[in-house]
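The primary structure of each chain is shown beneath.
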Amino acid sequence: MKTTLLTNMLATLLFVTASATAIAEETPADANVLPEHRASIKAKPAKRGWDYDMRRITPIHGDAAAGEAKTTICVACHGPKGNSTVGLFPQLAGQRAEYLYGRLLDFQDSDEALPYYQAVLPMPQQAREMSDTDLRNIAAYFAAQVPAPTLPPTSTANIKQGEHLYLHGDPTRGIPPCQGCHGTYAEGGPTGGGSQYLAYPALHGQHAVFIADRLLHYREMGGWPRFSSDDAIMHGVAVTLSDEDMKAIANYLASLEPNSSR
Amino acid sequence: MTHKISHRPSLPRGMRGLGLTVLATLGCCASLAFADTGIGVDTWRANPLDPTGGMQSQDCAIDGPTWLSPRQRRTPTGNLYECPSESPPVQEINGWLYYGVLQVGYVGTSGDNNALHNRYTDWQNNSVILGLIDLQLSRPSDGSYAEARGSYLSDDDRYFQAVYGKAGAYKVQAFVRDMPNILSTTTKSVWTGVGTNMMPLRPGFKPGNTSVDEASDLVNALPNTTIGVKRNKQGIGGSMYLNPEWTAYLTVSDEQRKGERPYGGPFASTPNANSDMVTTLKPINDSTVNITGGVRYAGPEWRLDVSYTGSFYRDKYKAYYFEQPFQGAGANSPNPLTAVVWGQMAMEPDNDYHNLQATVTRKLPWNGELSVSGAVGRMSQNDAILPPLSPLVCPSGTQFGPYTISGVTNQYIICDQWNSAAALSRPNADMHINTSMFDAHIVLNPFSNLTLRGGVNANNQDYRGTYTAINPLNGWYGYILESGAGFNYPANAATGAPPGNTLAIEIPDAAGNIAVSGNNRVGNIPLSMLTVDANVGADWRVTDKNTLGVTLDNIHYEPDNREVQNIDTSSIKLTWINRSFNWLTLRANYTYAEQNSGSSYNRINAGAVQGLPNYTGAISAVPGDNIAGVVRFDMASYTQNKIDLMATFMPRDDMTITASVRDDLKSYRTDLFTPQYGRTTYETTSANLQWEWQFAPGSGISSYIAWDGSRLGLAQVQGANGPWWLTDAQRDLYGGIDYFHTFGDRVRFDFGWNYLYSRGLDSYNYLSSAAIVPAVTPTITGPQSLALPRMVYSVNSITAGVTMKITPRVSLRLFDTYEIGRVRDWHYTGLDNNLVINQHLYTDAGPQSYKENLIAVLLNIKL
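If you read the sequences in order, they're chains A and B. Following the numbering used here, the numbering of the first sequence begins with 325 at its first residue and continues without gaps. Following the numbering used here, the numbering of the second sequence begins with -17 at its first residue and continues without gaps.
Simulated from the structure, these hints should not be mistaken for lab results. Incorrect hints may have been included.
To be verified - Anything over 12 Å on all C-beta distances counts as not near chain B; from chain A, calculated:
(1) Glu436
(2) Glu487
(3) Gly504
Claimed, not checked - Facing chain A, according to a computed beta carbon distance under 10 Å, are these residues of chain B, among others:
(4) Leu50
(5) Pro52
(6) Thr533
(7) Tyr800
(8) Glu801
No experiment lies behind these values; they were computed from the predicted model shown. Think of the CB as a built atom: it goes at the ideal place given N, C-alpha and C, for glycine as much as any other residue.
Just chain A, with the same shape it has in the complex (with noise of 0.2 Å):
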């Protein structure tokens, strides 16, 4: 009887061993076990639908050489090495590589029954049929491409204006300086300080309709569940921006060369 019973004992923990690990294996590898880098911004526990803390991003790395086999079916949109020329895609190319995973995951994890996945299909689509490797192979090969200017701003009147919110911001208004996280010359969050700015985007060169929007669509997010602790950021600016506001903004930013310093 003890050696039945024992003998049933090892079995059951053998099969449910076995089970385990085959389930495992069939599921992508990253559903269970996180990655080390995205375990460190797993908000703990989710909050109010935002999933992501950004603040404790580490950096991003990965094979740029397997990230762009993966970008066939990216750059129909982004344009070739991430150039794009249609102004609601945006450029990727020279773009901080921890922004761009942070901005894949959002799409991975984002809820289908929310007004968002309508609003940014196909990349939810897309970005699930990626392993977590995946993603950041794609980020870090949009990384190192060298962005060039492919569209002018939408307008050529309101640049200064755009400029002076950029630099300075309207502290009548309640707008905060965008330079303060995304740099003098719009090239991002500054690389010398905490690991939170590596995840703060350059903006320079980047399209003014796709800006504009962003910006919208922080400002009217309200009470759509937010990604990560960056929208959160984003929206408390973005309520201070009226509509010209925006455009403004844009079209300053799409005046600015790519990798540009002055």
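Given chain A's structure and the hints, the job is docking chain B onto it.
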């Protein structure tokens, strides 16, 4: 210590900012009315259950203080901020956002519920309490907001306040607050009518003729009663933006105090069977009305603030009267027609205080600012002066005596000459103190790393009102001490002290002069004084990591009523702040100061007979060299060295270690007088070590240990039997641990242990025992030392609690606090057994040790 949350719920910040600014302003301006020491106290409505007024029960915002940085935030000196509050679950109805909290619970107590533990609380055992009701509403469309907050622990310990306003427009606030002040739970009162101003003795006592044994038996049979004072305060106030630059504000409050407190009485210090000493129970029944109002202007260049503060104190009673139990001095009068059976004690007079202040501030070039303030004020008292003797003490048609007064024998205190207003120099006090203040200070930043600052402040207090006690009915000077309670006492055979009396009377001779030498006080003491403080300083950021500072200060002080007329204190302070390492902040301060009051002093005490123009007797020989002259020693010349060293270590982002050491040594100039006398040294020292670790949002542990001590040396205080020296040493030790941890999202555990030990020791050195203990015979000569028993006060308390979220809106908190307090004070030796010692009567045995446990269950509901 329990975990405290420092932030209020984050309703729209614009609305909250105005409210806090106005509240702070009200508190600031109210504090100008220093005639009432209660102003400024309890402007923050809370209670011992929750001193934070609801903030400590708020959830910790685990997202941290900012989305911009993952690190714990620190103050400029390197200390960690506490976890900010989670934004409350705001709901909307008809355009209004609202949030509310209701906390109800049960409190149980056990142990020695005595006054030392419960002085400012009123814990009722087995009581249901309203821990907190807090409702906050706001309407974003127009910036309107409202708040109601209250708590009820008992009828004597409760508060409620309501606020309504509109951001950028106006705010109105009203409150009521009842607070207990328990002074004793072991009082045995020999009187009836306690709390009123007429206190006859209980049945069984024979007024003026109770023996010590009789009094002991009667007092020991009395039950313990609780005495204290209840403070009830109401107030209403508001502020209004007249336009974006001009603001007007006004607050009115009224505080009533009612109850009773232990107080003095007749004090015949000669320890023999025929002198009595009685502690009484003074009635408290008064009110104070405070008014503060003004206008404020805030512009781009100028700021202006003009305010009025008034405080009006009214006491229901002018004096209180009590029957005396013992055969007091009156019975020893050689010719008593009646025993002195009643005593009288005066109450505080009604007082009116007015103050008008204006402040102008202007921005200057070099990022500077100049601020100039001026104020004038007046305090007035004009009560009817009490006659020297009450008719109760000295009934008409009676007299006491004979006595020898001013060398004249066979003199009587004829009651009809002393027991009415006709015996006074004038019927009313007619006293005023006019105050004036001028203040100016300037700050400049000529360079980004250099700050220059300077200021001058002058405060003048002009005492207007002189009263000399001259009895128009007989031409005698002075007044009768203790209202006659110590009329006469016989010689002391044990000590050899001669007979005497407490008649501080001077009889002029036929020429109208006071020729016999004496030093009785026959008039009031002028309280005029002038203080001028001038200082200059600079702060220089030498490098990015180092800042140096220097401040020069001089204070000139002229008190009219003191032995020394001019005191100057000059000091230089050096400061160094170092942040060379990201994980360390060092601060060091050194101060050197000198106080000079000269070597000459006024030998004539203020208000004494020796200051009268018709005094022709001898000026007292060196009054400053005896015990009575000790008061001057707080104004003596000295040099001072003071050093502060503080270090804040940040070994991790979430950990802080703070260490500090301080020493302050005053070395007095004992070489200025021969023989040396007075203070020789006064030194205070302290050391502190704190550790804090906030290892997770809503979780942390901290501990501290601290020590401080002081040592005061007095040299050659001349008594009747030679010199002796006194050393007073105080020592305090503190320690504690505070731990709190949030498990998951539902359960929080907190624990705290705190310990305080305080010890005082007075010791003496002398060349002859007769200087210290004259009654001890034979006299011991030669260097000797003696120490009084140590006075010890210690408190050891431990608190443990758990808070559980039952639903997202409902949580339950259970906590228990156990506390042990120990008191050892030789002043009260023997009173535990008997409150009657010879003819000395005490009302209670003094502060008592205790052990007390308090347990509470609180249900917290987010509305």
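Numbers of the earlier hints that this structure fails to satisfy, in rising order: 3, 6, 7, 8
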